[in-house]
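Construct the complete structure from the given sequences, taking the supplied hints into account.
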Amino acid sequence: LITISIFPFFTNGTLQPQHQHAHGGGCNPDERAALLSFKEGITSNNTNLLASWKGQDCCRWRGVSCCNQTGHVIKLHLRNPNVTLDAYGYDHACASASALFGEISPSLLSLKHLKHLDLSMNCLLGPNSQIPHLLGSMGNLRYLNLSGIPFTGRVPSHLGNLSKMQYLDLGQAGDYSDMYSMDITWLTKLPFLKFLGMSGVNLSGIADWPHTLNMIPPLRVIDLSYCLLDSANQSLLHLNLTKLEKLDLSWNFFKHSLGSGWFWKVTSLKYLHLEWNLLFGKFPDTLGNMTYLRVLDISYNGNPDMMMTGNIKKLCSLEILDLSGNRINGDIESLFVESLPQCTRKNLQKLDLSYNNFTGTLPNIVSDFSKLSILSLSNNNLVGPIPAQLGNLTCLTSLDLFWNHLNGSIPPELGALTTLTSLDLSNNNITAPIPPELMNSTSLTHLDLSSNHLNGSVPTEIGSLNNLIYLYLSNNRFTGSIPAEVGKLTYLTSLDLSSNHLNGSVPTETGSLINLDFLDLSNNSFIGVITGEHFVNLTSLK
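Quick note: the sequence shown uses the working numbering, first residue 55, plus one each step.
Hints are not guaranteed to be accurate.
Capping the alpha-carbon separation at 30 Å, the derived lysine-lysine pairs in BS3-like fashion look like this [stated by the list, open to error]:
1. Lys297 - Lys400
2. Lys425 - Lys324
3. Lys336 - Lys243
4. Lys404 - Lys319
5. Lys368 - Lys243
6. Lys368 - Lys309
7. Lys166 - Lys108
8. Lys309 - Lys319
9. Lys218 - Lys309
10. Lys400 - Lys309
11. Lys324 - Lys368
12. Lys425 - Lys300
13. Lys243 - Lys297
14. Lys218 - Lys297
15. Lys300 - Lys400
16. Lys367 - Lys243
17. Lys367 - Lys336
These are computed hints drawn from the structure, not numbers from a lab.
This is the structure we're talking about:
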């Protein structure tokens with residue numbers, strides 16, 4: 055997991071004040087009453103987030119901060135501390151037992167000095183499930199985070215009354231929602247806005263959205279992912295967004311040429327997300343001017359013409375490059391050698407070119423990518439052996455080369471990758487035994503070598519991979535018996551040794567795999583009797 059902080063301007067100062075309380079203790083009685091009224095509107099509070107809301111000094115209550123000089127409440131931070139993720143990584147506040155349930159009370163209007171309000175990832179829908187109009191009257195707010203609250207209906211335009219606003223997040227946390235807006239010109243009334251999050255809000259009826267945003271020069275972050283936008287090729291005669299650092303337009307419906315996007319003129323960008331659209335054609339020459347770019351994600355546009363050209367050679371700050379899912383044709387060595395300059399190779403942390411049509415062999419120059427943490431070249435048409443030089447990438451945590459035509463043996467040098475947690479070489483033409491050196495990669499949690507031509511025995515040293523959760527060795531030519539050391543892999547949830555030439559008896563040590571919920575030993579040549587001792591502790595098996 056690569057995490058890059060891009061919001062240093064929202065972590066201090068007035069937007070996120072430290073916990074403070076007034077000289078002499080206590081807080082404003084009217085504001086204390088307003089907070090208690092807000093608490094009454096909460097119908098469920100399973101994590102006791104508001105358990106400390108008692109006593110006279112509300113400035114000491116959890117989530118409440120007061121001005122040290124005046125005692126007025128200036129910050130209310132009640133974000134759900136434990137967010138529920140579904141299988142796709144989306145947040146669902148109303149499915150979270152730790153969320154606050156209820157409504158946003160009008161009593162908050164009594165907090166006239168409130169600058170920071172964060173109610174994100176809770177289920178505060180109220181009777182009509184819409185963003186409360188009262189929020190547009192809290193004119194002192196600088197920071198408003200309602201992200202993840204599954205509101206419906208129209209986004210109220212009177213949020214434009216919050217003229218001091220610097221951070222506004224109404225996003226739906228990686229999903230489409232039932233919120234919509236037919237007009238976002240009210241945003242131009244927020245002249246100090248630096249962060250705008252409207253992910254998941256239906257903006258399909260707005261064609262001139264770039265012109266509106268271009269009228270807010272302070273913007274540094276714009277997230278309009280999942281907004282059902284159909285174009286980003288509007289012409290901006292004069293670009294005002296000279297401070298913009300992050301632009302997320304992923305999961306929309308752009309159906310025009312990649313090079314016609316207005317965003318290529320924003321040379322201040324550090325993070326550009328265009329994944330899951332329908333953009334086509336080549337990169338524009340102006341890409342070479344975006345020298346601050348650290349993340350470029352244009353994955354899953356189905357664009358076979360998206361081939362890197364010489365203009366990427368100036369992108370020395372690039373840390374994440376994701377072009378997966380585009381059916382790009384070309385020679386993999388040309389990309390590595392000709393398109394990615396030395397300065398980029400030294401800084402890249404993630405390179406994902408999976409699900410394309412790259413051909414050729416992996417070049418030895420791959421060892422130049424000394425900071426690479428994630429390398430995914432799966433689902434291409436690569437041939438030849440796996441370079442031993444991959445063993446020099448000591449920062450690697452994930453290596454995916456599955457569904458290619460790679461041959462030869464597994465390089466023993468991969469055993470030097472002590473930080474590697476996921477290795478997937480499945481569905482290739484790899485031969486020879488598993489090198490015992492690979493068992494030195496003790497951080498592995500996912501090992502998939504299935505559907506190759508591996509032979510020899512399953513190494514007894516496999517017991518040293520005691521962090522493994524998934525082990526797939528099926529559809530190979532392994533012989534001999536299952537080593538008893540498999541029983542040491544107590545974190546395993548999936549074990550597949552099917553379709554090999556294994557023989558002997560199944561070791562009773564498999565009964566120690568108490569977390570196992572998937573086991574396939576079929577299509578082998580085992581002998582002996584399977585007893586209750588094999589399964590007595592395997593209560594999770596389906």
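Now for the hints, and whether the structure bears them out:
At roughly 26 Å between alpha-carbon atoms, lysine 297 and lysine 400 fall within 30 Å of each other, so this suggested pair holds. Annotation: proposed proximity of lysine 425 to lysine 324 holds, straight-line Cα distance about 18 Å (limit 30 Å). Taken as a hint, the lysine 336 and lysine 243 pair is broken in the structure, with Cα atoms around 37 Å apart against an allowance of 30 Å. About 25 Å separates the Cα atoms of lysine 404 and lysine 319, which keeps this hinted pair within 30 Å; it holds.
With a CA separation close to 37 Å, the supplied pair lysine 368 and lysine 243 exceeds the 30 Å bound. A distance of roughly 28 Å separates the Cα atoms of lysine 368 and lysine 309; the hinted pair therefore holds under the 30 Å criterion. Distance restraint check for lysine 166 and lysine 108: the Cα-Cα separation of roughly 21 Å lies within the 30 Å cut-off, and the hinted pair is therefore satisfied. A distance of roughly 19 Å separates the Cα atoms of lysine 309 and lysine 319; the hinted pair therefore holds under the 30 Å criterion.
Distance restraint check for lysine 218 and lysine 309: the Cα-Cα separation of roughly 36 Å exceeds the 30 Å cut-off, and the hinted pair is therefore not satisfied. With a C-alpha separation of about 34 Å, the suggested pair lysine 400 and lysine 309 falls outside the 30 Å cut-off, and the hint is violated. A hinted pair counts as satisfied when its Cα atoms are at most 30 Å apart, and lysine 324 with lysine 368 qualifies at roughly 14 Å. For the hint pairing lysine 425 with lysine 300, the CA-to-CA distance comes to about 23 Å; that is within 30 Å, so the pair holds.
With a C-alpha separation of about 18 Å, the suggested pair lysine 243 and lysine 297 falls inside the 30 Å cut-off, and the hint holds. Taking the CA atoms of lysine 218 and lysine 297, the gap is about 18 Å. The hint holds against a cut of 30 Å. A hinted pair counts as satisfied when its Cα atoms are at most 30 Å apart, and lysine 300 with lysine 400 qualifies at roughly 23 Å. Between the alpha carbons of lysine 367 and lysine 243 the distance comes to roughly 40 Å, so the proposed pair goes past 30 Å and is violated.
The suggested pairing of lysine 367 with lysine 336 holds, with an alpha-carbon distance near 16 Å, which does not exceed 30 Å.
The structure fails to meet hints 3, 5, 9, 10 and 16 from the earlier list, while all remaining hints are met.
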